[in-house]
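Engineer: Listed here are the chains, written in short residue letters.
2 protein chains.
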Amino acid sequence: MTTPPSTDPRHRVVVIGSGFGGLFGTKALRRADVDVTVVAKTTHHLFQPLLYQVATGILSEGEIAPPTREILSRQKNARVLLGEVTDIDLTARTVTSQVLGRETVTPYDSLIVAAGAAQSYFGNDRFAEFAPGMKSIDDALELRGRIFGAFELAELGAARGEDVDHLLTFVVVGAGPTGVEMAGQIAELAQRTLKRDFRAINTRHARVLLVDAAAQVLPAFGAKLGAKAVDRLADLGVEVMLGAMVTEVDERGLQVSFADGRQERLEAVTKIWAAGVQASPLAAILAEQTGASLDRAGRIGVNPDLTLPGHPEVYVVGDMIDLDQLPGVAQTAIQSSRYAAKAIDRRVRGKAPQPPFRYFDKGSMAIISRFGAVAMIGRLRLSGLLAWVLWLTIHLLYIAGFKSRVTALLHWAVSFIGRGRAERTTTEQQVFARRALARLDGGVAGLVSEPAERPLQDRATG
Amino acid sequence: MTTPPSTDPRHRVVVIGSGFGGLFGTKALRRADVDVTVVAKTTHHLFQPLLYQVATGILSEGEIAPPTREILSRQKNARVLLGEVTDIDLTARTVTSQVLGRETVTPYDSLIVAAGAAQSYFGNDRFAEFAPGMKSIDDALELRGRIFGAFELAELGAARGEDVDHLLTFVVVGAGPTGVEMAGQIAELAQRTLKRDFRAINTRHARVLLVDAAAQVLPAFGAKLGAKAVDRLADLGVEVMLGAMVTEVDERGLQVSFADGRQERLEAVTKIWAAGVQASPLAAILAEQTGASLDRAGRIGVNPDLTLPGHPEVYVVGDMIDLDQLPGVAQTAIQSSRYAAKAIDRRVRGKAPQPPFRYFDKGSMAIISRFGAVAMIGRLRLSGLLAWVLWLTIHLLYIAGFKSRVTALLHWAVSFIGRGRAERTTTEQQVFARRALARLDGGVAGLVSEPAERPLQDRATG
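From first to last, the protein sequence lines stand for chains A and B. Letter by letter, the first sequence follows residues 1 to 462 of the working numbering. Letter by letter, the second sequence follows residues 1 to 462 of the working numbering.
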């Protein structure tokens with residue numbers, strides 16, 4: 001069943017990661033005279049900007065996470081190996097990856113490190129189990145279980161006459177695009193999608209809070225668009241709480257602290273963390289071997305051509321690099337990995353190196369609600385329906401590029417514009433995030449407020 | 001946020017389960033002067049006949065498991081409570097359910113028990129972790145992780161030059177409709193969908209075995225259609241092994257025993273159990289309180305009007321009952337629960353009881369491949385394209401009844417007829433079924449055959 005290893009002495013490129021950087025870098029090498037091995041810890045490419053739609057029941061995981069090998073199936077010079085990279089040896093020129101405790105060592109001639117970033121809790125990693133991040137399919141499905149599970153628990157508690165305000169309060173930490181989109185969609189669920197589904201609770205009374213230590217929402221978009229976003233969020237019923245630093249998170253709520261010293265406790269079972277990112281720990285592994293700098297977010301300092309100091313054969317791209325204050329967006333990963341791929345191709349063909357990497361800002365956009373978005377393209381500032389149409393068009397085009405499945409696109413567009421949320425299904429394991437809860441001492445005691453003896457309805461039988 | 005409990009003294013019906021029985025029973029009560037409470041351990045209704053399509057990447061979980069409360073949102077006399085029923089007290093007329101360790105007690109005037117059946121390992125429950133069943137969304141996603149994960153592990157092993165036959169062998173135990181459909185779809189994956197995605201393995205060399213102790217596949221369809229199904233399965237590349245009783249299952253394979261005493265060991269990492277069902281343990285709880293009989297599959301003997309002996313207010317329906325050798329199919333659950341609902345409605349309205357329950361056989365069908373199915377309607381026996389068109393039409397109509405989402409239907413039809421398998425995404429947790437493997441002593445040692453030191457490619461660097 002096996003094909004003998006090739007004896008072709010072609011230049012070997014290893015690409016670490018299957019996100020925007022890993023995938024676009026690999027695709028950019030499709031005509032190069034090289035063998036590419038993509039090593040990634042998931043079997044899929046992830047369209048991260050739509051993760052919040054998986055968490056809120058609009059899309060299925062398959063719709064935003066196509067298999068990396070399917071995307072690359074016709075690229076003959078590329079292969080995909082599943083594995084989490086645990087080490088890079090710059091001297092031996094090998095990448096060590098692990099699956100199920102077993103190691104694979106892959107040698108390279110050129111390396112593109114595109115391992116991205118994880119959620120950062122700014123040193124408070126204990127928050128993670130109570131406030132999952134939004135970085136992976138696992139995160140999104142976990143949050144789907146928590147969000148829909150909170151309404152289920154509230155229905156159970158309210159039917160007993162208990163106070164369920166803490167179950168119907170949702171706090172999103174971080175008012176960047178992901179946080180804004182997430183808060184908007186949870187409000188949409190409570191206000192529209194679920195309003196007829198429950199009997200003991202009124203989902204429209206649910207509170208959705210968007211909390212950030214910064215002074216405005218969507219700081220990257222400037223004050224004017226930030227203010228427009230706040231207005232639109234208020235229309236949706238999202239309460240925006242700015243200048244509020246989260247100082248503690250637990251099972252049942254979180255603590256915020258304001259600049260004037262005021263403290264506030266928010267009772268909320270469901271918390272979502274969208275507040276910061278931390279570069280892959282591979283950046284630190286590379287820094288240690290080269291003496292390259294690491295910034296506070298764990299990003300590594302690279303040369304202007306994206307190579308590692310002293311290692312012209314190693315490129316670092318995307319969210320992992322500390323260079324010219326590049327934004328942590330898909331375009332940075334795509335452009336930098338294409339640059340690296342082109343550099344490798346030129347080297348293999350004996351051509352002169354390219355000029356230093358330059359980021360081309362294609363603009364930024366964030367969607368807030370059905371028909372509402374903000375966009376920034378060069379000096380242009382857009383908001384409302386026009387920005388929304390632009391957002392939808394660009395996302396449709398992008399997804400179409402991978403999938404060419406008209407029906408899936410249609411499904412997405414119709415679900416998103418419509419009020420239906422067809423992808424609300426959670427596993428029995430996920431509902432209420434049982435895994436996370438099982439880890440807590442005392443189980444779920446904190447989530448429900450009264451003893452269990454009282455029957456649901458106190459009416460006499462018969 | 002709460003609505004005070006109703007003081008309406010209406011007749012209270014509790015329905016246990018949200019499968020075909022629970023859902024159709026509840027819907028049949030929509031015009032009755034009763035309050036219905038559905039207590040179910042999942043938040044969704046499950047269209048079980050298509051579970052295998054979730055496991056093999058055709059459908060997303062949301063497409064076959066819509067939220068029960070959404071389906072019932074406009075039925076004002078129905079409410080849904082999440083909880084696993086742990087006890088029924090026939091004297092006190094209460095149902096006890098549990099969520100996260102906390103109990104809810106719900107009183108009833110009439111009860112419909114539609115808790116269905118779980119996979120049966122015929123007393124060998126230790127097989128379960130190595131050969132998951134096909135009864136829930138959790139099962140299907142677990143199997144999705146194992147099936148696609150096996151190809152990933154094989155690719156890793158083959159790239160090192162290891163023998164990976166055991167990773168590319170898939171054994172489906174049980175040649176009823178579910179087993180036949182599952183084996184056909186895995187063969188379809190190996191033969192078509194995945195054939196261009198790997199580099200070190202040829203997925204078309206994968207073996208798919210369908211094993212059953214019976215003498216034919218699809219016994220309920222008779223010898224002629226059974227033989228046709230075997231032919232069609234052979235065309236797909238499925239090896240059918242009949243008269244083969246599974247006597248042991250472990251991490252790396254299984255043992256079968258033939259009538260002539262011959263034993264055979266099959267080396268296969270991925271095993272799927274579709275061989276038998278066991279009624280919900282609630283049947284035993286009811287039998288204990290009434291002295292009703294229990295058959296070998298744990299089904300309870302009921303009166304001809306589906307009530308429990310001595311308890312005219314308690315109906316048992318669907319897969320849980322031992323009556324007239326009813327087949328364990330959706331139609332049994334639907335028809336028996338509608339009968340029970342009608343009986344309750346008549347009782348509340350003071351009308352005379354119905355005549356005993358009679359099952360109306362609408363026919364059976366099983367799909368084997370794209371464009372191939374077998375069907376049995378009365379005396380009519382169909383196979384091939386005609387049976388397939390019938391199957392597709394009936395399933396489309398059924399799903400449309402719940403969803404009225406044209407795009408989702410279209411998506412399904414196109415995926416299923418086409419070769420694309422868009423829903424292949426697994427969580428990091430699911431890939432290779434890490435949970436199951438973590439439980440094993442010695443971890444995954446049995447899955448991979450050689451030490452880890454050898455690099456992927458042994459070619460000299462640069």
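These aren't lab readings, by the way, just hints derived from the structure by calculation. Treat the hints with caution; some may be incorrect.
[To be verified] Subject to a maximum C-alpha distance of 20 Å in a straight line, what follows is the list of computed DMTMM-like cross-link-like pairs (lysine to aspartate or glutamate):
id : chain 1 : residue 1 : chain 2 : residue 2
1  : B       : 27        : A       : 197
2  : B       : 27        : B       : 103
3  : B       : 27        : B       : 313
4  : A       : 351       : A       : 313
5  : B       : 76        : A       : 345
6  : B       : 41        : B       : 87
7  : B       : 195       : B       : 165
8  : B       : 135       : B       : 103
9  : B       : 41        : A       : 313
Engineer: Each hint should be assessed against the structure and marked as holding or not.
Structural biologist: Hint by hint, here is what the structure shows:
With a C-alpha separation of about 15 Å, the suggested pairing of residue 27(B) with residue 197(A) holds against the 20 Å cut-off. Our distance criterion of 20 Å between C-alpha atoms is broken by residue 27(B) and residue 103(B), whose separation comes to about 26 Å. For the proposed pair residue 27(B) and residue 313(B), the alpha carbon gap of about 19 Å is at most 20 Å, so the pair holds. With a CA separation close to 15 Å, the supplied pair residue 351(A) and residue 313(A) stays within the 20 Å bound.
Restraint check for residue 76(B) and residue 345(A): the C-alpha separation of about 66 Å exceeds 20 Å, so the hint is violated. Distance hint between residue 41(B) and residue 87(B) is fulfilled; the C-alpha atoms sit about 13 Å from each other, no more than 20 Å. This hinted pair checks out: residue 195(B) and residue 165(B) have alpha carbons roughly 16 Å apart, not beyond 20 Å. With a CA separation close to 25 Å, the supplied pair residue 135(B) and residue 103(B) exceeds the 20 Å bound.
Between residue 41(B) and residue 313(A) the CA atoms are separated by roughly 55 Å; this puts the pair beyond 20 Å, and the hint is violated.
Figure legend: structure checked against the earlier numbered hints; hints not met, in rising order: 2, 5, 8, 9.
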